[in-house]
Structure formats: structure tokens, C-alpha cells
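So the protein lines, in turn, are chains A and B. Sequential numbering from 1 applies to the first sequence in the numbering used here. Sequential numbering from 1 applies to the second sequence in the numbering used here.
These aren't lab readings, by the way, just hints derived from the structure by calculation. Please note that a few of the clues may not be correct.
Claimed, not checked - Have a look at the derived ranges for each label pair, beta carbon to beta carbon: (1) 160(A) <-> 327(B): 53 to 61 Å; (2) 29(B) <-> 184(A): 53 to 61 Å; (3) 11(A) <-> 374(B): 55 to 63 Å; (4) 311(B) <-> 72(A): 34 to 42 Å; (5) 317(A) <-> 142(B): 50 to 58 Å; (6) 195(B) <-> 405(A): 53 to 61 Å; (7) 357(A) <-> 355(B): 54 to 62 Å; (8) 159(A) <-> 369(B): 29 to 37 Å; (9) 317(B) <-> 184(A): 36 to 44 Å; (10) 322(A) <-> 311(B): 54 to 62 Å; (11) 159(A) <-> 229(B): 51 to 59 Å; (12) 17(B) <-> 165(A): 52 to 60 Å; (13) 432(A) <-> 35(B): 51 to 59 Å.
Note that CB positions come from ideal geometry on N, CA and C, so glycine has one too.
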Amino acid sequence: MTQAGAKDIVGRGNDAGARLFREWFGDLAAAADAGRPAAYVFVMGSLGELMRTFDLPVVFPEINSLQTAVRRVAHEYLNEAEDYGYSPDICGYVKADVATQLRGGALPMGRIPKPAVAVYTNACNTYIKWAEIWERMYRIPVFTLDVPGTRAAGGQTWPGDPDFENDRRYVEAQIRELIPILERVSGVAFDVDRLREAMAFANELGRGWKRVLALNASRPSVFNALTDGTIYLGVANGFRGAAEGAAYFTDLVEEMAYKSEHGIGTLTDERYRLLFVGVPCYPIFRRFSELFTELGGTFVGSTYLHFASGGANLGFEYDLARPIHSLAEGVLIGVRDAMDNMFHQTDVLLRMLDDLGADGVVYHPIKSCRTVSTGLADSRRALLAARDVPSLFIESDMMDRRVVSEAQLKNRVDAFFEGLASRRAQAASRRQA
Amino acid sequence: MTDVTTFPEWRGRPVDEVLARCAELLEDDRYPTVARWREAGGKVAGHFQVYFPEEIAHAAGMLPFKLRGAPVEPTHADSRFGSYLCSIVKTSLELALSRRVELDLFVTHPICDAARNLGAVWGRNFPYPCEILYLPQNANSAHAAAYLRGEYDRLRRTVERVAGRPVAEEDLRRSIAVFNRNRALIRELYALKREAPHLIGAAEAYALVAVGTLIPREEHNALLAAVLPLLRERPAKKLDKVRVVFEGGFCEQPPLDLLRAVGRSCDVVDDDLLIGLRWILDDVSADGDALGALAHAYLERSTYSPVQHDLRKPKEEMLLERVRAAGAQAAIVSAAKMCEPGLEEQVAYARALEAAGVPYFVSEFEENMTSFEQLEVQLETFVENLLFE
Numbered sequence: 001m002t003q004a005g006a007k008d009i010v011g012r013g014n015d016a017g018a019r020l021f022r023e024w025f026g027d028l029a030a031a032a033d034a035g036r037p038a039a040y041v042f043v044m045g046s047l048g049e050l051m052r053t054f055d056l057p058v059v060f061p062e063i064n065s066l067q068t069a070v071r072r073v074a075h076e077y078l079n080e081a082e083d084y085g086y087s088p089d090i091c092g093y094v095k096a097d098v099a100t101q102l103r104g105g106a107l108p109m110g111r112i113p114k115p116a117v118a119v120y121t122n123a124c125n126t127y128i129k130w131a132e133i134w135e136r137m138y139r140i141p142v143f144t145l146d147v148p149g150t151r152a153a154g155g156q157t158w159p160g161d162p163d164f165e166n167d168r169r170y171v172e173a174q175i176r177e178l179i180p181i182l183e184r185v186s187g188v189a190f191d192v193d194r195l196r197e198a199m200a201f202a203n204e205l206g207r208g209w210k211r212v213l214a215l216n217a218s219r220p221s222v223f224n225a226l227t228d229g230t231i232y233l234g235v236a237n238g239f240r241g242a243a244e245g246a247a248y249f250t251d252l253v254e255e256m257a258y259k260s261e262h263g264i265g266t267l268t269d270e271r272y273r274l275l276f277v278g279v280p281c282y283p284i285f286r287r288f289s290e291l292f293t294e295l296g297g298t299f300v301g302s303t304y305l306h307f308a309s310g311g312a313n314l315g316f317e318y319d320l321a322r323p324i325h326s327l328a329e330g331v332l333i334g335v336r337d338a339m340d341n342m343f344h345q346t347d348v349l350l351r352m353l354d355d356l357g358a359d360g361v362v363y364h365p366i367k368s369c370r371t372v373s374t375g376l377a378d379s380r381r382a383l384l385a386a387r388d389v390p391s392l393f394i395e396s397d398m399m400d401r402r403v404v405s406e407a408q409l410k411n412r413v414d415a416f417f418e419g420l421a422s423r424r425a426q427a428a429s430r431r432q433a
Numbered sequence: 001m002t003d004v005t006t007f008p009e010w011r012g013r014p015v016d017e018v019l020a021r022c023a024e025l026l027e028d029d030r031y032p033t034v035a036r037w038r039e040a041g042g043k044v045a046g047h048f049q050v051y052f053p054e055e056i057a058h059a060a061g062m063l064p065f066k067l068r069g070a071p072v073e074p075t076h077a078d079s080r081f082g083s084y085l086c087s088i089v090k091t092s093l094e095l096a097l098s099r100r101v102e103l104d105l106f107v108t109h110p111i112c113d114a115a116r117n118l119g120a121v122w123g124r125n126f127p128y129p130c131e132i133l134y135l136p137q138n139a140n141s142a143h144a145a146a147y148l149r150g151e152y153d154r155l156r157r158t159v160e161r162v163a164g165r166p167v168a169e170e171d172l173r174r175s176i177a178v179f180n181r182n183r184a185l186i187r188e189l190y191a192l193k194r195e196a197p198h199l200i201g202a203a204e205a206y207a208l209v210a211v212g213t214l215i216p217r218e219e220h221n222a223l224l225a226a227v228l229p230l231l232r233e234r235p236a237k238k239l240d241k242v243r244v245v246f247e248g249g250f251c252e253q254p255p256l257d258l259l260r261a262v263g264r265s266c267d268v269v270d271d272d273l274l275i276g277l278r279w280i281l282d283d284v285s286a287d288g289d290a291l292g293a294l295a296h297a298y299l300e301r302s303t304y305s306p307v308q309h310d311l312r313k314p315k316e317e318m319l320l321e322r323v324r325a326a327g328a329q330a331a332i333v334s335a336a337k338m339c340e341p342g343l344e345e346q347v348a349y350a351r352a353l354e355a356a357g358v359p360y361f362v363s364e365f366e367e368n369m370t371s372f373e374q375l376e377v378q379l380e381t382f383v384e385n386l387l388f389e
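Please model the entire structure based on the sequences and the hints provided.
Next comes the structure, spelled out in C-alpha cells:
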């Protein structure tokens, strides 16, 4: 590729991601202005491929809420929901959305349409409580797609196992029950061929996502899993089952492969390769990342990119010959993997440490999210028992700047890097000896 | 199954003393009944709140032991969790880490995000089987009962491995009969609370029910069967108190002293304390497919809680119905600190009660709290407002 070619390709994923997001929000604002109702869904098990077959605008309240934090207005939304009666101790995403609804859908990025239906899995229990709020506010149908998770660490079952089939039949039955609800709400008849088409796009997206994550094994790493990765993740969720999503990931694979081949890394002078466990600190999103990159640390992998993509990282490919059966199987395996990345991370992290050649692990539990944060301290103990690897445990929040102390975070991060440097120096002197 | 009597202390005693012994047992953090069971060679199936089909463990001869937290310091457990978490998750694990109770099996449920994490945490800390029983969260799916029957069968196989014996259909039916009897006796106690609340205080009734989580259900049946007639003959004066429903005790439990404080100004005529023990509203069929009958009862013949979404049971309407059915004048809408489902539900409950014109008192509690003066003063003020309205 020529210099001009490199200029065209490097950074394309971030630019295209931002463009797609602008267009997506533009479409949502137009739907809101036209009074068109939308489907509210969540990142872990969005069923985007099914939603698209009914022409329903798709709203991801989690993404909207985190955007209020990134744009530094989350506190206004949180305060409004707390004044309404919600406790400071519940999920910040929920509260930002409550305030959004009270404001008629107004967000810094534009206005979102009201929900006509809410479809959510149990990957996060708060999804269920959240949907109950819309059920009460708007009297709309809400649908829990119940996806049984792993019963015990290492105890996953697979197609053909009677226990797996019991779960799969349950998921399939629910999908079949959901379809007439979506038909009623959208006024669009179900078309299995449109579903096949959307599933084919989801297959392409999944293949690309899996490949992109794997390409970060390159040295230097080709993207920062915390910052760049969050952009890619947004597209993986918002455009699941869409032609644009499939094309985006095909291009992204090309970009990452090109960077890998040409030794082009992120902007960081990569001295330490790190894994991130938890949810990003959105109130100081860029600054949080800089605390690491300024000291030569880059995030090469993140469990967030696994669980918050609903398990799309697995690259599960649907069998288009039996779409509903396969959709149930894919949702079950994917959403279950998303949950495993939150509850049973030890093996996941050991694999990532090896595959991505990481030097350390950063745990970031947050006040707002019990799903992700409850077991992280114990998970860290288990990882350290299995592997001698440096780790950092820092608490803050994904939404609430009242519990984000940048100075404290910086102190801890600085000390962590001192430890990394000293460990590396000791290893070097041992080798010399 | 062992033939040991784990809780003989109440036998042959007057009713006040029986109730006092129940409260003592409930607050004994050495869990002597579980220890006696184990010393006699019995195995223990620990299960976290809210509902667990105890019949399946019972049918294998195990002692089903409900982990409902405890008023203990989570000295060991604190290092396993993040900072922002309800107490019950920490103290339940503490009981096992500190070896106050020893289990052979641990089962949790997808009732909330903390409880699901607990299964993984427990599994990383103990060698015995620790798992999640995935009770269906889409109670409205026509396939939910068939799925749950399959999930119960999976649990049965786990229990068989731990107990070291098969669980036959007949075993399950016998256990269902024992638990049907237990549910009927608890219903009788709650009827008494509604009809003559002056005969048994909120804390006393709670202790009488809660000891059932610590002893074999046959013993609990004997205890209830002996005490209920004595309660009806208890010499007690009717006092000028407000009839209230206490809502918010479906998972973490308020300390007995909090219930005593409430009971000084209120008659608690219904509540959701340990609602899992009363989840199933009437007898489970002991004929035909036992696991199928348990699954059907869980979904079709059950009450409500903030941790189950069922379109047929809008929770705020269910609460209003509970208030009406109990003839309550007001509701105490409480929630455990850091309990996400409870705190979220509190908003809907408060709005529904407001709209229905039912006076309500909003509060938070923690199982480890030791000071109740402020709460009691606030509650007394609330009650006085009602009495002198």
C-alpha cells in the first residue's frame, strides 16, 4: 500500500464509527420528531438482527446514559432522577434514563423516540427492573428474553447435551413468542428471509469483531481496547444485523491487519500491555485512559469488549438454513459468554494474558453496577492464585462523578506503574545473573 | 436423613418461653441446629434467598438451610467483594468462610446481580458444588414450566451426587407433603396475625417462622402445630396500634430489634419477610410428576416479590391487594441498604400507595444495624399522625 493508501486506512475505524453514530442519532431524532415509536433494547442480547426485520428504530438506553457521562452532564440527569425518588445507590444508567424520559427523550446528542416495546435479556438483572419503569410510564409491552447462564464455573453445556437443549428450547420458545408482539407493535409482518439476511450481516460482524480482538496480539498493539475499542463496541451493538455494521467490521479488520503488518501501533509508546476488567470510567473517559497511556501503558484487551457486546466476541455464526433454531442457539451461547465474562473471568483472563501477551491486569469495579463489580475482588484473588501477574484494583463509577476522584486514581495508577517497572528491572537482572 | 432432634429446647415449655427460645436460636451465630445435624452424619444444602425448592434437597435426606445473612461482621468476606454492596451477600459468605456453618452444597438464584455473582464467588472459595439454579425470569412464557421442570431435574441430579443416594418420585412426594403441611401452618400463623395481631408480636411471629430455615421441616411442623393453639389462648390485651403491612424483607432481613421497635407502635398484620417460605400459596400436588408439580406451583400458584417480573403480578397492585386483604391502615415500605431491586421498587410502591390514599412510611435498614431510636421516633410520629388525624 502507498503512503496515501496508509493515510486512507489508518484511523478509518474511529472516523467511520463516529460518523455512523451521528447518523444513527440523526435517525433517532427524526423518528422522535415524526412521533415514530422505537424498540428499546440493551447491549447484552439486543436481538438487533430480529429487530431490524420489523423496521423498528432501535434505542440503546445504556449507550445514551453513558453518553451523558462522556459529555459531562450526567450529574444533571442523576440529580433529576434522585429528586423523583430513586436512590443514590442504584444503577446510574437507570437514573440517567429516567431523567431522559422525564425530559421527553432529550439528550445532548439529540432527542430519542419513546418506546413502543422493550426487549431485554436477563444478562443484567437491572435490565428487568429498568423495563418495569417504562412499563409503568408508557404501558408498553416489555419482554424478558430469559437466557439461562452458566450454572457453575467451567460447567457450560453445548449443543446435544440434554441440559443445553433444555435451555435452548426455552430460548427458542421465547423468541417465537416475541415475534407476534413485534409484528403487532411495528405493523410489519415477520419475514424469515429478512431475518436470514440480518443474521448473515450479524455473522459477518461477529467474524470481524473476533478477528479485530485477536489482531491486538500484535506488537505494538493496533488499538487501545479502552478507548478505540469502545467506539468499535458501539458499532457492534448499534449496527448488529445491519449491512453498515457488517461492512464496518470488514473494513476494520482490513485496517487492523494493515496496522499489524506494518507495525503501526496506537499513539502510546507501548511499554506495558494491560488488560482491563470492568466498565470504563465514563465521567473522565479520556483522562482515565491517559493516566495509563502517559506512562506507556496501553490496554490490549478488555472483558468489557466481550460482555458488553453480548458475547459477539465469540464470532458465533448462525446456520441460516434453520434461522430461529440457530438464533436461539447463538443468543444462548453469546449471552451466556457475556455473563461468564462478568462472573467467571479467571479462565478468560488467563487466556487473554497468554494470547495478547499482557503484562498486567487493571480491575475497575464501579459503584453503579453490581453485575460487573460484585465479585471482582474475589476474582482478582483467584487470578493471582493461578498466575503471578501484577494487578491494580481501583474503584470509581461509570456515571457519577461524585465518586470519581482523579487524584486518588492517579496515585494508585502511578504506584502500579512503579511496581511494573521494578518488576521488569528485577526480571532483567535475574536474566543477567 | 438423620433422626436427630436439632431443636429440642422449646419442648414442654410455656408459649412465651417457646417464642423466646425461637428468638435465641435465630440470633445464635453458632448455628447449633445445623451443627447437630452434621454431627449426626447429615448433609446440608445451603441455599440463598429468596425461593428454593427445598423439597428436592429434603427428598435426598439433606437439611435445606436458608442463607439469609446474619448480624455478624464480614471479617473474612469483605476482602472478596467491592465496596458498594448489600450486607446479606457478604454476611452469608461470612458464615461459611468463618466456619459457623459447614455446607455440602450451595445454590444461589438469579434474583439480582449480586446474588448471581455470589455463586461464582462461593465456587472459588469452597470445594463442594456451588451453583446457580436458574429459576425462570420470563414467568409469562408458555414454555417456562417445561424449562423449569428440566432445571429442577438438573438440580435433582446434583443433589443426588452430593447426597450419595438417588431421589425417587416417592421421596419427592413425601417431601412435598411435609412442605405442604409447613406452608399450611405458616398460613395459619399469618391468619392469626391478621385476625388477632395482639396475640403475637411482629418479632415473635417472625422468629417462629424463621427458625424453620434452621431446622428440619418436620421439627418446624411440630413446633408450629404445638404453638398455634397456645397462641390463640394467650392472655393478651388489645392495644391502640396501627395495623400495617411491612414490605421490604424479601431478601435481607431486618434485625429482630427493628421488628420489636416497629411492634411497639404498630400491629404488623402482613409482611414479605422470608417470603420464599410462603412463595407457594397453596398445596403442591403430591400426585403425578412431582418436579412438574413444583415447577407449576412456582409459576402459577405463587406470590410476588421485587425480584420476579410477571406481567400477571404488577407488584404495586399486589402490594395494594396485600394491604386490603390484611385490613391494614398503612404500609411500611422498607428496603435493605444497597439492595437495587428493593430500592427501585420502593419508588413504584410509594407512588401507588400515594395514588390509592394509603399512608406509608419509607425507610431503609441493614441487618447489622444496632440503633433504632431515630427510626422508632419517626415511626411513632407517623403513627400519631394517623391516630389523631
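Indices of hints not satisfied (ascending): Going through the list in order, the structure violates hints 5, 8, 9, 10 and respects the others.
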